[in-house]
Amino acid sequence: MATNIPQNLKYTKEHEWALVEGDTVTIGITDFAQSALGDIVFLEVPDVGSELKAGATFGVVESIKSVSDLYSPVTGEVVTKNSDVEGSPEKINSDAYGAWLIKVKVKDQNELKNLLTADQYQEFCNTSH
Amino acid sequence: MTLFRTHLYEEHVKLGAKLVPFAGWEMPVQYTSVKDEALAVRNDVGVFDVSHMGEFFVEGKDAEKFVDHLVTNDILGAPVGKAVYSPLCRENGTVIDDLIVYKLASGRVLICVNASNIDKDFQWMKSKHQGFDCSFTNKSNEYSLLALQGPRAFSVLKPLLKDLSDIEYYSVVESAYENHKVILARTGYTGEDGFEIFASHDCIKALWQKMMTLKVTPCGLASRDVLRLEVCYPLYGHELNDEVNPFDAGLSWTVKLSKTNFIGKAALAPKPTRFKLVKLTLDKGIPREGYPVLNSKNETVGIVTSGTMSVVLNKGVALARIDIDKVPQDEVFLVDIRQKPYAAQLVKKPFVTGGHK
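Going line by line, the protein sequences match chains A and B.
Under the numbering used here, the first residue of the first sequence is numbered 1160, with each subsequent residue one higher.
Under the numbering used here, the first residue of the second sequence is numbered 3, with each subsequent residue one higher.
Simulated from the structure, these hints should not be mistaken for laboratory data.
Be careful, since some hints might not be right.
Stated by the list, open to error - Simulated crosslink set (SDA-like; lysine to any residue; CA at most 25 Å straight-line): (1) B/K217 with A/G1197; (2) A/K1172 with B/V22; (3) B/K286 with A/S1225.
Claimed, not checked - Ranges between beta-carbon positions, derived for each pair: (4) B/Q211 with A/D1278: 39 to 47 Å; (5) A/T1162 with B/R92: 47 to 55 Å; (6) B/T275 with A/E1249: 37 to 45 Å; (7) A/D1278 with B/L17: 43 to 51 Å; (8) B/D332 with A/K1264: 43 to 51 Å; (9) B/L17 with A/Q1281: 54 to 62 Å; (10) A/Q1281 with B/E61: 56 to 64 Å; (11) A/G1208 with B/D332: 32 to 40 Å; (12) B/E93 with A/A1215: 32 to 40 Å.
None of these values were measured; they are calculated from a predicted model.
For glycine and all other residues, C-beta sits at the position ideal for the given N, C-alpha and C.
Required output: the full structure, derived from the provided sequences and hints.
Spelled out as C-alpha cells, the structure:
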C-alpha cells in the first residue's frame, strides 16, 4: 500500500504518529491507519488533565465497521485536545497528519527513544499488515 | 484452511477490493468506502457478488409439498413465480437458517441459503427428504449470484435481459442474458428495489463486466451489512442462531401455524418467546455486537446482536436481544459502550425506509 510517512514525525507500531516539540508531543493516527480503517465516524479522546501512560490505550477510533484502540506513544498529561476533529472525525481520512488528536506534556524525554523513526515505520508497514 | 474464491475474484482484485475471509470464502468487504457504497445503493445502484450463497433445487411432483414441510412460512399457498422468505427450524423450533424459497414453476423450486450454513442445511433437508416424490440437489457450485440493488437497478437491467417485464417485488422469472439462462428474482437484502440474478459462472462474469461499464457501483459485504441493518433485516449468526426460535427474533409473521404440518410446528404452536428483538438508535456512541443493553437502573437486560453507524441517519443503530421478562416498562434503554452507559432511543419502525416496490 502506498502511504504517506512524513520524515519529521515519530511512530508507534500501533500506527500513531508523534510530533515532538520540546516537552510537548502532538499525537495523531497515521495515513496507513486511516486507510486501513476506512470511513472514520467516531473518535473518543481523553479530556485535558488526563494522565497517559506510554503503550497504554488512551482512546478509541471507530470506522463504520470497526472499533480500534488508540495507544499513547508517551507518558504524560493531556494539555490540549482537538475538539474540531472530535466533532468531525472524518477529517482524519482526508488529512491524517493535519487532524491531530491531542497534545501531551511529556514526563520522561527518554521514552521518545523507543518510538520508531519514519524509515523504521515504513519498514514495519511493509512487513506487516 | 484454503478459502474458496468466487468466479469474480480476479475482477475484485482488479478493482482494488479489500478481500477478507467470510464463511470460508475470500470475499470483497469493500472497494473504496463503505459509506459511498451504501449510499450508492440507497441513491443510485450498486452490485454485490454474493456467489458464496447456496442454491438447492427441488424438482418433481412433491417439490412444493417437501419445501412447505421443511420451512415455517407458507410455500404451498404462494403462487408460482413468487419468492417467500422463511426460517428453517428444527422440531424444537430453533432456527437452522433463514432462506428464500423461489417458486420457479410447478414442481420446480429454488432455495437460496446462507453460505455459512450450506452443509448444515443440506444435510438437514436431505434427512427429511424420504417419502417425498421429488429430487433434492445442492447446485451451489454451479451457480454464481449477483445482487443488483438500488433505485436505478431496473433501468440498468432492462436493456440487458430478455423479456424483462415489470416483475413484482418478491417475484421470480426465468430469463436470459445473451445466450445464457438466468433466474431473475426481484429480491435483495438492502431494502431498496433490486434484483438477484442466479446464473452460470460465465454468465455472471459477463454481466458483472457489463455492469461495470454502466456505472454500477461495486459494493462489498461491509456496505451490505450496513444496508440490511438500516432496514432491520435479520442476519443468521446475529439475530438468528441455533439457540433461538423465530418468535425470539421478531419473525412471528413467518411462522404459519395455520399450515397442516411442518417441522417445528408442535414446539412453535404455543408461541414460546424468550427474547424480544428491539431497535435502538443512539445519538452518541456506536453500538456494536456483544455490547450489553441496560435499563434505567443500569441492570443488564439484553445484548446488541448487530450494531453500526447508519450512513443515512448518521447515528448509531442497533438490533438488540432483550430477555422477555426484563423488557423495561418505561422503555428506557442504555447501551454499555466500554463500561460507559450511552442513552438509546427505542424505535418501532426500521431505521431507514427502503425504496423497494
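These are the hints, each one checked on the structure:
no.	hint	result
1	B/K217 with A/G1197	holds (22 Å)
2	A/K1172 with B/V22	holds (22 Å)
3	B/K286 with A/S1225	holds (16 Å)
4	B/Q211 with A/D1278: 39 to 47 Å	holds (42 Å)
5	A/T1162 with B/R92: 47 to 55 Å	holds (50 Å)
6	B/T275 with A/E1249: 37 to 45 Å	holds (41 Å)
7	A/D1278 with B/L17: 43 to 51 Å	violated (32 Å)
8	B/D332 with A/K1264: 43 to 51 Å	holds (45 Å)
9	B/L17 with A/Q1281: 54 to 62 Å	violated (26 Å)
10	A/Q1281 with B/E61: 56 to 64 Å	holds (59 Å)
11	A/G1208 with B/D332: 32 to 40 Å	holds (36 Å)
12	B/E93 with A/A1215: 32 to 40 Å	violated (52 Å)
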